[in-house]
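*Asks:* One letter stands for each residue in the lines below.
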Amino acid sequence: MKYIISDVMTITKRQLLQLARIPEVLVFSTIQPVMFVLLFRFVFGGSISTGQPGGYVQLLMPGIFVQTVAFTLAATAVGLAEDMKKGLIDRFRSLPISRGAVVIGRTFGDALLNILVLTVMASAGYAVGWRPTSGGFSIFLAFLFLFMFGYALSWIGIYVGLAVKEARTVQSVGFLVTFPLTFLSNAFAPTTGMPRALQYFAEWNPVSSMVAACRQLFGLKNEFGATASSWPSQHPLETSLIYMVLLMVIFIPLSIRKYKNTSL
Amino acid sequence: MKSVIADHLVKTYRNGEVKALDDLSLDVEEGTVLGVLGPNGAGKTTTVRILATLLKPDSGIATVAGIDVIKHPDKVRELIGLSGQYAAVDETLTGWDNLVMFGRLYHLGKSASVKRAEELLERFSLTDSARRPIKTYSGGMRRRLDLAASLIVQPKVLFLDEPTTGLDPRGRQEMWEVIQELVKGGVTLLLTTQYLEEADQLADEIAVIDHGKVIARGTSDALKKQVGGERLEITVENVDIAKTQEIVARISTSAIHTDIRTISAPVTTGSIALMEALRALDEAKIHPLDIALKRPSLDDVFLSLTGHVAEETVAEPIKKKRGGKK
Ligand SMILES: Nc1ncnc2c1ncn2[C@@H]1O[C@H](COP(=O)(O)OP(=O)(O)O)[C@@H](O)[C@H]1O
Ligand SMILES: [Mg+2]
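Residue numbers (our numbering), protein chains in the order written: chain A, 11 to 274; chain B, 10 to 335.
Hints listed in this document are in silico derivations from the structure and should not be mistaken for laboratory results.
Any given hint could be a false lead.
[To be verified] Below, a sample of chain A positions facing chain B; criterion: calculated Cβ distance under 7 Å:
no. : residue
1   : Q28
2   : R31
3   : P33
4   : E34
5   : I107
6   : F153
For each residue, glycine too, the CB sits at the ideal point set by N, CA and C.
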């Protein structure tokens, strides 16, 4: 038990080494969000009118930030499933290391990767005209929220990876969860255009809360649809925080137990 | 003292439909090598995984160095080394990266990990490839690295699950040498294999398993005696058959078998018999089309033990019916 910190660090370091050994992974995991920024900015940017000063890109960036960190779920799950398939997890399990170390180490590695991805995206956004108007602290807080959201989701990823096991299936499951969540939200378009039932869903969708929280922290005002008076719409920061804490409280013990149980 | 004991292990999958281990018992004396010999699906990996604390049996007891693997898996993990059926190393990392990482996970210090990694790379002839990603390694190199990883801290008991399956003859030979070297160092080893020859080369004692049960147990010699030992096989032109039969009869004391142009008979003196036969054939001016010393295979063992050849065990009842996909 006294070695848990060193064990976790070794596992995290391994992931960083992997990135150093195959830089393509790093390149592509940053190109994708940058591509999203450019596509949305220039394809939809002209056709979606907003009441916000600075245009669509101001509304868009928080959406893309949240969508990108949401994909951490799939990334973590796939990485873990691949390790299982190659027998690495079996080997780790046969070592006298602390039980949570392997999965905690992986969530740390994915979190570090997120810092890099968010930095690259923010730069790309800035290049195409994204200008947060709030103060430095608020902006920092927004990124902290994004970071934490990604971290919370990677714990779901651990669970999914351990439960599904097959890397390709895991990938599909990851997309199956994240795509509807990101699109049935206020991330890319106002929810007012959706059927009423979906508006309610979008309202309570953690992705919407996160996007709204970021918009607020970046100095934009939030617009909501039919249920604009609901609690999550009124309190996006609190709602996001509750969701994150809830996810971690549920999935950290669940995932660690799952890891232990499949091992013995 | 017994270093490993498996006592009436039962393991089923899919709610009891698939019986991977069916009351399997075995043990390994300290400092010796037990070869667990069986065809695909016999339950070898399941046995190893239970003993290495990776899997819980449905019932039965297992101990390693006197410690219960189910009750105290953490203690057992400190004493064992495991090299699984598939080389379980990080393919994207280099050999050096991998061994240093495992050293750290065994809680060696930074410099101790590096030192140990370099020692092991040297010992397994991997120093030249140490800085290359494992992806670029041959099957044999991967296996050696995997083995090295299980030896970071001198284990009390080592488990090797099919260490040479999938290797070419040269890779297999190299692996055998490495394992023999280890055995000389006095490690207690449980090794699984599908090849009688491998068990013969490496193990002090062999346990033959089939359908999750031990069906025979003993030294390699005892098993081979049961099977009938080596056979001399000579294939000649039709005109030489009679003369060749005479020659073989002089070398072998047992019944001669002739199958078209191939004359075969059990021999007890191995390569000496082979040389005798060659010399006699040469004197008689017979040029054999083929001549070989055939060692008994797993198939022969199974044939003599069970009356059927070793077949891939397919435990799922649905697939048992004919016509199932292979
Ligand atoms: N996770 C599993 N689910 C279902 N059946 C399994 C599982 N693992 C092993 N089996 C079955 O148990 C039997 C023994 O498998 P295994 O121990 O891997 O054999 P071996 O290593 O000797 O080839 C086989 O019939 C195999 O199909
Ligand atoms: Mg196996």
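*Asks:* Evaluate each hint against the coordinates.
*Replies:* Evaluation of the provided hints:
About 5 Å separates the beta-carbon of A/Q28 from the nearest beta-carbon of chain B, less than 7 Å, and the hint is met. Annotation: A/R31 was flagged as interfacial toward chain B, and the flag holds, the nearest CB pair being 5 Å apart, inside 7 Å. Interface hint at A/P33: violated, since its Cβ lies 11 Å from the closest Cβ of chain B, which is beyond the 7 Å cut-off. Of the supplied interface hints, the one on A/E34 is violated, with its beta-carbon coming no nearer than about 11 Å to a beta-carbon of chain B, more than 7 Å.
Here the hint on A/I107 is kept, as its CB sits about 5 Å from the closest CB of chain B, short of 7 Å. At its closest, the beta carbon of A/F153 sits 29 Å from a beta carbon of chain B; the interface hint therefore is violated under the 7 Å criterion.
In the structure shown, a violation is registered for the earlier hints numbered 3, 4 and 6, in ascending order.
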